[in-house]
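Asker: These protein sequence lines are chains A and B, in that order.
For the first sequence, our numbering assigns the number 1 to the initial residue and increments by one for each residue that follows.
For the second sequence, our numbering assigns the number 1001 to the initial residue and increments by one for each residue that follows.
Treat the hints with care, as some may be off.
[Unchecked claim] Partial pick of chain A residues on the chain B-facing surface, computed with a CB cut under 10 Å: (1) A123; (2) M143; (3) E212; (4) G220; (5) L271.
[Claimed, not checked] Chain B regions said to be covered by chain A (calculated; three or more residues, Cβ under 8 Å): (6) 1402–1409; (7) 1441–1455.
For the record, the hints were derived by calculation from the structure and aren't laboratory data.
Owing to the predicted nature of the structure, the values given are computational and were not obtained by experimental measurement.
Positions of the beta carbon are idealized from the N, C-alpha and C atoms, including for glycine.
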Amino acid sequence: MKLDLLAILAQTALLLLLAPLLSGLIKNWKAKLQNRRGAPVWQPYFDLAKFLRKDMVISEHASWIFTATPYVVFLTALLVGLMVPMLTAHAPLDLFGGALAVIGLLALGRFFLALGGLDPASAFGGMGSSREMTLSAIAEPAMMLSIFTLAITAGSTNLSQIVLAGQGPGWKFLDPAHALAFAAMFIVLLAETGRIPVDNPATHLELTMIHEAMLLEYSGRYLAFIEWGASIKQLVLMALLANIFFPVGLAADTTPAAVGLGLLWFVGKLLVLAGVVVVVEFTNAKLRLFRVPDLLSAAFILATLALVSTFLFR
Amino acid sequence: MSLPMPATLLVISLCGYLIGAVGSLLFMRRERLAAGFAFGAATLSGLSGLLGALFFLAGGAGVAPPQFELFPPLIPYIHFSVRLDALSAFFLMLVSLLGLAISAYSLGYAKGFFGRKNVGVLGAFYNALVLATTLTVVADNIWLFLIAWEIMALTAYCLVSFEHEIVETRKAGVLYFIMSHIDAGCVILGFLLLFQASGDYSFASLHNLGAEMAPGKRDAAFLLFLLGFGIKAGIVPLHIWLPAAHPVAPSNVSAFMSGVLIKTGIYGLTRVCFDFLGAPPLWWGVTLLTVGTISAVLGVLYALMEHDLKRLLAYHSIENIGIILMGLGAALMFLNTGHPVLATFALIAGMYHTINHATFKGLLFLGAGAVLHATHTRNMEEMGGLIKRMPQTAFYFLIGAVAISALPPLNGFVSEWLTYQALLQGFGTTESMMRLIFPLSGALLALTGALAAACFVKAFGITFLAQPRSAHAEHAHEVGPAMRLGMGLLAVVCVVLGLFPTQFVRLLDPLTQQLTGQQISVQLSAANGLVLASLSEKGGTVSTLGITLMAVCLLPVPFGLWLVFSRKTKVRRGPTWDCGQRGLTPRMEYTATGFSKPIRMIFKALFQPRRDVQREYDFSPYFATNIRFESHVEEVFEQRIYRPLRILILRVSRRIRTIQHGSIHFYLLYIFITLLLLLMFAL
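Just chain A, same shape as in the assembly:
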């Protein structure tokens, strides 16, 4: 466990470049399933470039919090990304924080985003902030508990250690603890990335928005940073799900061949997971806001069961 500058740079580049592609891919696949042609998978890159070149309009009521928020969201997403193993079993920044730091940093980004929603004095922003904070308050314990399940098995909260333990002989996907924790984490993934049935990323109706409502007043490069940050967060959460529950194919060393193979595995796992997310989005309708807590408490209960079963079957 030491800091490797090259690994940090490589993983930062991977996060920055792969995240928009993943968002574009999900959008494109969803369109295909809905019998539309859909925007090309590269569209998010064009969008980001365009946002970055646009002038900005900032609300006259907004304070410096509004300005700081895009940077906090963007940087916390990148930091979290550096703590999660992607291509190799060792995350570049795993010394600086494990599962708890990941959850904490995501919460920091969310905290500022919610403040940024309140800052321009619009009711929509406040509505978005209120909903986001409420739902995440219920999603966070479920996430914590399912990561606990793995941390307990591995004897560590360090994500690299969890992956290494998973690569050992003890790993069985059909282990009830594992499967239940995965189910819980998957629901949390849907909530945290603002997917149907929790939130609709494509909505244009302010009253049903959650994540988008907080961004209504953002424009130009600030919007680009927040959107990019959100897609990095999505990539990171999917990587977390893919790699700590299915730790196959992660490179054990940093030879180019091993890392290349790791990249292939990683992309493959992401594609499968993205496919599942698309199918879930396609086959479900958005839940009423006050039904979402039921879904999230189901995740919490699944995670609790996962924990109890580690306790029973060991």
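Guided by the hints, dock chain B onto chain A, whose structure is given.
Answerer: Same frame as chain A, but now just chain B:
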């Protein structure tokens, strides 16, 4: 007699508070002088006490605790002896640090009372309160402890009722008075049980007394202390005085009460459970952990329902006391099951959170006081837009809010990280009870943390951001330099405790050596102190400093993007999107009540919200001319426990009243009968 350095500084600090109190009363007629003298003396005394504590703790575990008598005993048995051991020094550090910052703040804050209230009295009681609190944590004798404990309760009562012309304040004062005397009663009974076993009043005779006591008496003592210190600490369901008394006190006193006073309950519990009673049964730890978890969750849930800024903060104190107790409870359980290293780890988590809560809650109350000073209201629904009018206060409050929400890289995150790790380590042990209870507590801690974040988005967002919701808020001004200094000091401490945990944990070595016989600061530090490790590097690591530095290193990424793409872009100020209406008014903003509405709906089984809507209309209900809306959330404990209890007590007292005739002959008879009975009992 020559005293070692820390003890000298402690004596200077104690004398300073005394001089401050007396001087404040002497100069009562000249309020400017009185305030300056009282709070100036308290500031310097706080500094002296803080230095004394730091000197002692930095000396490591080898230094013998200085011990001395304040003055010769006036009555046999009653020794006024003081001992600065590691546990006392830790709490002395906490009291003095907060004393320093709050007193500096008070130099400015007291001006708000000039011409209105007697500032000399405020200064005198304030100094007496800090003095009594300091004595409570360094007392080495049951008598001195109880006297200090009682003075602390009485002066706090006087300060809570300082603005006694308001009915709410008087009621809260009386409630606090009653509760603090129930608590004193329990503590006295607890000490009587200990005295029975030891036969001496000095704390030295009480060390590890638990081993010699009968299990029944030991458990009874534990329960009495839990009740007594629990009331002081404000654990659920003994907390009802806390959200009533803390908000109505002057804000500097609220900060001291929430930051320090309730910690004396934690001091008492730690002293009793780890030092006096020793070798705890498993259920003590389980009780503390359970009570702590419940307090944490309920505290934050009730905090979310508040739109009175200071009441909201008071409920958060209950939450944080719960988190501290989770650490202490886990430590007791580990001690019972023979894992002293893990117990030390959990104890460190609890102690770290104790000092963290003192700093960020002190800071937040001082911030709330500044807001109250500027807007003359505690109601968040009338605030808003203060970040532009009070930029520094807003910045300090934001630091406190991030810290209390347990977000990296500030201190709240570090101590909750330690608590999570301690709870997770519990799974590595083989006891089935601990394997189940620890992760579940951990999950509830996660719920608490996430709800706290929601609550502080509300507290900061509604208070400081967006447009002002009232004329008060619109005309608010930044507070004076002394108040900003007090807040700034605590904000700096929050950042330092957040970024340098391994260095701070080293100061706790003497404390853990004293209580569990272990020193584990080396095991908690990795990579030359840059990284905080969970006993070993393999168990999990975190580095708040590393995260912060890394964030700075990543700044070139957005800057580079700006350089490549957006150098030519312009920034324009414009109105917020108003859906084509003619401008937004503050009435269209989201309110504090609205913000927490989803949570009120989700947890409605607990809150049982009542609402009352009355519409007045002329011809059709769709065209209301007037709508009256009321919404209440009442605490379930208030309804189910305290109200029936109060009714019962009143009924019993009414019965007892029949023996009070007002005739002196009967009273003489009662005295005579009592005397006879006592004589019979004694013979």
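Asker: Look at each hint and say if it fits the structure.
Answerer: We went through each hint and held it up to the structure:
no., hint, result
1, A123, "holds (5 Å)"
2, M143, "holds (8 Å)"
3, E212, "violated (13 Å)"
4, G220, "holds (6 Å)"
5, L271, "violated (26 Å)"
6, 1402–1409, "holds (count 5)"
7, 1441–1455, "holds (count 10)"
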